[in-house]
Amino acid sequence: MSEFSDDERGAMRDSFARLLSERANELQLRKAMASAHGFDMGLWQSMAEMGLLGLIVAPEYGGIGGDAQLLENLMEEAGSHLLCSPFLSTAVMAASLLSASSDEALKSELLPAICDGTKIFAVAATGANGSWTNDDISIEAHKKDGQWIMDGTASFVLHAEKADAILAFARTGETAGVFLVDAKAKAIGIEKLEANDPTLRLSEITFSAAHAKRLETVNETAIAEVLDLTRLALAGEHAGGAKRIFDITVQYLQTRYQFGRQIGSYQALKHIVADLLIEVESAASAARHAAKLHAAKSPDAQTFISLASFACADAYRDISAQSIQLHGGIAYTWEHTAHLYWRRARSGLWLFGSSDQHRENYLHCLEAA
Amino acid sequence: MLSNAATISNDDLAAEVEAWLDAHWDDQTRREKDTNQLNVKSWLGKLVDAGYSVPTWSPDWFGRGYSSKQARLIDKILKSRKVIGRSQDRYNLGAVTVYRLGSEQLKSDLLREMLTGAQSCLLYSEPNAGSDLAGVRTKAEWVTGPDGGEYVINGQKVWTSNAKEATYGMLLARTDWDVPKHGGISFFIFPMMQDGVDIRPINQITGESEFNEIFIEDARVPAGNVVGGLNGGWKVLQTALAYERLIMGEGATERPGKQKSSVPPLLELAQQHGKVGDPVIRQKIAQAIAYRQLNSLNMKRAKDEIINNGSSSLMSLGKLAMSRIQHGEARVAAEILGAASLLDGEDFDDSANMNFDSAKAYMNSIGGGSDQIQRNIISERILGLPREIEVDRNMPFRDVKSG
Numbered sequence: 001m002s003e004f005s006d007d008e009r010g011a012m013r014d015s016f017a018r019l020l021s022e023r024a025n026e027l028q029l030r031k032a033m034a035s036a037h038g039f040d041m042g043l044w045q046s047m048a049e050m051g052l053l054g055l056i057v058a059p060e061y062g063g064i065g066g067d068a069q070l071l072e073n074l075m076e077e078a079g080s081h082l083l084c085s086p087f088l089s090t091a092v093m094a095a096s097l098l099s100a101s102s103d104e105a106l107k108s109e110l111l112p113a114i115c116d117g118t119k120i121f122a123v124a125a126t127g128a129n130g131s132w133t134n135d136d137i138s139i140e141a142h143k144k145d146g147q148w149i150m151d152g153t154a155s156f157v158l159h160a161e162k163a164d165a166i167l168a169f170a171r172t173g174e175t176a177g178v179f180l181v182d183a184k185a186k187a188i189g190i191e192k193l194e195a196n197d198p199t200l201r202l203s204e205i206t207f208s209a210a211h212a213k214r215l216e217t218v219n220e221t222a223i224a225e226v227l228d229l230t231r232l233a234l235a236g237e238h239a240g241g242a243k244r245i246f247d248i249t250v251q252y253l254q255t256r257y258q259f260g261r262q263i264g265s266y267q268a269l270k271h272i273v274a275d276l277l278i279e280v281e282s283a284a285s286a287a288r289h290a291a292k293l294h295a296a297k298s299p300d301a302q303t304f305i306s307l308a309s310f311a312c313a314d315a316y317r318d319i320s321a322q323s324i325q326l327h328g329g330i331a332y333t334w335e336h337t338a339h340l341y342w343r344r345a346r347s348g349l350w351l352f353g354s355s356d357q358h359r360e361n362y363l364h365c366l367e368a369a
Numbered sequence: 001m002l003s004n005a006a007t008i009s010n011d012d013l014a015a016e017v018e019a020w021l022d023a024h025w026d027d028q029t030r031r032e033k034d035t036n037q038l039n040v041k042s043w044l045g046k047l048v049d050a051g052y053s054v055p056t057w058s059p060d061w062f063g064r065g066y067s068s069k070q071a072r073l074i075d076k077i078l079k080s081r082k083v084i085g086r087s088q089d090r091y092n093l094g095a096v097t098v099y100r101l102g103s104e105q106l107k108s109d110l111l112r113e114m115l116t117g118a119q120s121c122l123l124y125s126e127p128n129a130g131s132d133l134a135g136v137r138t139k140a141e142w143v144t145g146p147d148g149g150e151y152v153i154n155g156q157k158v159w160t161s162n163a164k165e166a167t168y169g170m171l172l173a174r175t176d177w178d179v180p181k182h183g184g185i186s187f188f189i190f191p192m193m194q195d196g197v198d199i200r201p202i203n204q205i206t207g208e209s210e211f212n213e214i215f216i217e218d219a220r221v222p223a224g225n226v227v228g229g230l231n232g233g234w235k236v237l238q239t240a241l242a243y244e245r246l247i248m249g250e251g252a253t254e255r256p257g258k259q260k261s262s263v264p265p266l267l268e269l270a271q272q273h274g275k276v277g278d279p280v281i282r283q284k285i286a287q288a289i290a291y292r293q294l295n296s297l298n299m300k301r302a303k304d305e306i307i308n309n310g311s312s313s314l315m316s317l318g319k320l321a322m323s324r325i326q327h328g329e330a331r332v333a334a335e336i337l338g339a340a341s342l343l344d345g346e347d348f349d350d351s352a353n354m355n356f357d358s359a360k361a362y363m364n365s366i367g368g369g370s371d372q373i374q375r376n377i378i379s380e381r382i383l384g385l386p387r388e389i390e391v392d393r394n395m396p397f398r399d400v401k402s403g
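Those protein sequence lines, which keep their order, are chains A and B.
Take the first sequence: its position 217, counted from the start at 1, is 217 in my numbering, and no numbers get skipped.
Take the second sequence: its position 321, counted from the start at 1, is 321 in my numbering, and no numbers get skipped.
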C-alpha cells in the first residue's frame, strides 16, 4: 500500500463529500433504503469511477492502493451521510480477503471487477451468535474428489441480496479458511432478515453441499487482519456519523425557542452537549490514531483498533440517543433524521463484535504488551 | 550584546546559551559558578539580566524579543542543565500579569523583584464568590493621606496556595458598589507581608493542607498597584485566568504520557488483589484506561492543531475529561479492593491510596472552575450556545442577593 499525503487524503475526502452531498442527501438516502436492494446502483457506479471501490486495492489490480488512514478518512464521510451501500463488504472485506490470497489468477480476475463496480461481494463471516469469532463460524468445508464442498449457515451477512459472489469463512477441521462461492448457485439459499436499521440489509445464507473455491493462503491470521481493518473502517464511520448528528443537534438547540428563549441557553441541555463533545472528539481521535498506527504497521495497531472499536461505537450510541432526547418531539417522528443515525449507531454496536468484546480484547492487548 | 531575534539561527542560539551557562552555571552542584552555596536571588538576577529567564519579553524588560519557538529551545537547554529560573514568561503568573497589563511605573517598581524570587499568590475566590467570581465582596476604599493616598482593604479570600511564601497577592476587590458586578471590580498587586493579613491553612478532605484562607483587615495597597485601571479589574482577571489555564492545560497534557510502557495502575492493582480474572472488573478497568487514553489522544490532536493552526478548541476539553477519568479510576479501584475499601492508613496502603484518590479527584472537578462551569464554557465558547439569563447582570452590585 502506498502512502498518501495529508493533502491528498483531504482532497479525496472532499470530493467524496461532494459526491455524497449531491447524490446521497437525505431524500435520496430515504429512496435508496426503501428500494429493492437497499442502495443506489447509480451512486455505486459513480463511486467506482472515482476509484473509491478500489481504495485499498493495489494499483496492479486496478485500485489506488490506499492505506487504513485514507480508508478511515473516507469512512468518516460515509458515516456522516449515512451511506447505505455494500462498500464495507465489497470494497473493504472482500477486497482485503482477495488481496491476502496468493492466487494471482483469481486476484487478476476479481479485484479489477471490484474496482470498476461490476462485481458486488457479500462476506459470510459469522454464525447465529453473531460474535465474529472463529468459534462462531458455523460452516464446514471439506474436500471431496479434489473439490471443496460447504455446508452450514452464516448469519448477519451484509448486502447479500444483490451480491454476485460470496466469500464465506468456513471451518476445515481444526482451522478456518475462506471460500469463494457463486451467489447464484443452487446450493445457496439467501434469506432476508428484517433489519431494524433500514439503511442496512441483512441476510442468512445457507450452504447445502455448495461447491466452493478456497482462497489460497488466507488463514486464520489473515481473517483476523481483515476483520481488524473492517472494524477500523466501521470506527471511522461511527466517528463521522457521531459528529454529524451532534452538529445537527447543536444547531437545533440554537434555532428552537421555548419559554421565549433558545433552548440551547438552558444549562440542562448545554451540559449534556458539552459532555457529548468530549465523546465526539474522542471518537475521531481514536479512529484516526488507530488508522495511523495500522498504516505504519505499528505493533500497537491491534490495541488501538480495539480501543477505537468500542470507543467509537459507544460514543455514536450515546450521541445519537441523546440527539433524539435533545430535539424532543420532532425527533420522535419517522420523518426526522435523528432516528436514522440512532438506528445506524445501534446496528454498529453489534457488527464485527460487541463493545464488551472489544474492551476485553483491548485489556488483553495491554496485558500482553 | 543582545542577539538579533529575527536572524539568529537555532544552532547559534543554542551555542550562545550553552556558552553563557558554561561560564556562569555549575551543572554538578546546581548553583552559580565559583560560589559555595546557592543564592537564589543573586543567580536569578544574573539569568534575568542575561535575558534567558523571560526570552519572549521585550529587551526593555529583561527579555530578548524571541519567538515562543526560540524560547522553547532555551527552556530545553536550561531544563537539561537543571538551571533554576527558566521560562518565567510562562510560569511566573504574577510577573506575567504585571508585564502584560501593568503600568510602566509598576513594571519598573516590581518586575525585577518578582523575577528574582519574590513569589506571588492569587487572591480571587471568596466564601461567597466561587464559581461566580464577579461577586467578590472584599472592599477596597481610597483613603487620602499626607503622601497622596492609598487603598485600604477589608475582606476574606479563600483557596490561596503559596500564601505564606508570597510577597505579593493578585487581589480582586470591589471598588464600586453602585454599578453592575463586573464593572465595579479592581485588580491590585497586594503586598502580603503586612499587618492586617491573617493566613490560616485549610484542612482538606484529603488530609492535606495546600490552601489557605486569608483574612484581610485594614491592609494597605499603594495607589500605583492597580492593574488595568480603577474598576477595570474584570478584564485583567480574564487575561490572568487565561494564562493560568494555559499553564494548567500544559500540565494536563503531560500527565497521561507518564504511564506509558508500564502496566496501567488499575491492572496492576487487580493483579495484586486476585481480581484480574473477574470479567465484570475487567470491563470496568478497560473502560477506565480507555478514558485516560482517549483524553491523551485528544490532547495530542490539540497540540498538533496548535502547531498547524495556532489554536485548538480541543484544549478546553481536557480538564472536564480529566474529572471523569479521576473519579472513575478511583471508583474502579474501590471495586477491585471490595470491602478492603473500608480500611485506611499505613498498614493498608492500597486502600489508603484509593481513598486519597477518591477525595483528591474533587480537586480537578471543583478547583479552577468546576465541571459545571467548564460545561458552560465549552457549550458557549466552543459550540456557540447562548448564555443562560443572569438575573444580576445589569443590577447595581449593592442590590445583588448573596448567601
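A portion of the hints provided could be inaccurate.
[Unchecked claim] Restricting the straight-line Cα-Cα distance to at most 35 Å, the calculated cross-link-like pairs of lysine-lysine (DSBU-like) are:
#1 B:Lys284 - B:Lys360
#2 B:Lys33 - B:Lys139
#3 A:Lys292 - B:Lys300
#4 B:Lys284 - A:Lys297
#5 B:Lys107 - A:Lys292
#6 B:Lys46 - B:Lys33
#7 A:Lys144 - A:Lys213
#8 A:Lys297 - B:Lys33
#9 A:Lys292 - B:Lys46
#10 B:Lys275 - A:Lys297
#11 B:Lys235 - B:Lys275
#12 A:Lys292 - B:Lys33
#13 B:Lys69 - A:Lys297
#14 B:Lys303 - B:Lys284
[To be verified] Computed footprint of chain B on chain A, listed as stretches where at least three residues anywhere in the stretch have a Cβ under 8 Å from a Cβ of chain B:
#15 251-263
#16 293-301
#17 319-331
#18 352-361
Derived by calculation from the structure, the hints in this document are not laboratory data.
Predicted model, so just to flag it, every value in this text is computed and none were measured.
Ideal placement from N, C-alpha and C gives every residue a C-beta, glycine not left out.
Each hint, compared with the structure:
For the hint linking Lys284 (chain B) to Lys360 (chain B), the alpha-carbon distance of about 20 Å falls within 35 Å, and the restraint holds. Annotation: proposed proximity of Lys33 (chain B) to Lys139 (chain B) is violated, straight-line Cα distance about 48 Å (limit 35 Å). Distance restraint check for Lys292 (chain A) and Lys300 (chain B): the Cα-Cα separation of roughly 13 Å lies within the 35 Å cut-off, and the hinted pair is therefore satisfied. For the hint pairing Lys284 (chain B) with Lys297 (chain A), the CA-to-CA distance comes to about 29 Å; that is within 35 Å, so the pair holds.
Our distance criterion of 35 Å between C-alpha atoms is broken by Lys107 (chain B) and Lys292 (chain A), whose separation comes to about 49 Å. Taking the CA atoms of Lys46 (chain B) and Lys33 (chain B), the gap is near 11 Å; set against the 35 Å cutoff, the hint holds. Simply put, Lys144 (chain A) and Lys213 (chain A) have alpha-carbon atoms about 12 Å apart, close enough for the 35 Å limit, and the pair holds. For a cut-off of 35 Å, the pair hint linking Lys297 (chain A) to Lys33 (chain B) is broken: about 50 Å separates their Cα positions.
Proposed proximity of Lys292 (chain A) and Lys46 (chain B) is contradicted: the alpha carbons are some 47 Å apart, above 35 Å. At roughly 33 Å between alpha-carbon atoms, Lys275 (chain B) and Lys297 (chain A) fall within 35 Å of each other, so this suggested pair holds. Taking the CA atoms of Lys235 (chain B) and Lys275 (chain B), the gap is near 53 Å; set against the 35 Å cutoff, the hint is violated. The suggested pairing of Lys292 (chain A) with Lys33 (chain B) is violated, with an alpha-carbon distance near 48 Å, which exceeds 35 Å.
Using a Cα cut-off of 35 Å, the hinted pair Lys69 (chain B) and Lys297 (chain A) holds, with the two alpha carbons roughly 32 Å apart. Distance restraint check for Lys303 (chain B) and Lys284 (chain B): the Cα-Cα separation of roughly 29 Å lies within the 35 Å cut-off, and the hinted pair is therefore satisfied. A count of 4 residues in the stretch 251-263 of chain A with a Cβ less than 8 Å from any Cβ of chain B is obtained; the coverage claim is therefore met, three being the minimum. Coverage of the stretch 293-301 of chain A by chain B is violated in this model, with 0 residues showing a Cβ closer than 8 Å to a Cβ of that chain against a need of three.
Using a Cβ-Cβ cut-off of 8 Å, 0 residues of the stretch 319-331 of chain A lie near chain B, which falls short of the minimum of three, so the contact claim is violated. Check on the stretch 352-361 of chain A: 3 of its residues sit with their Cβ under 8 Å from a Cβ of chain B, so the three-residue criterion for coverage holds.
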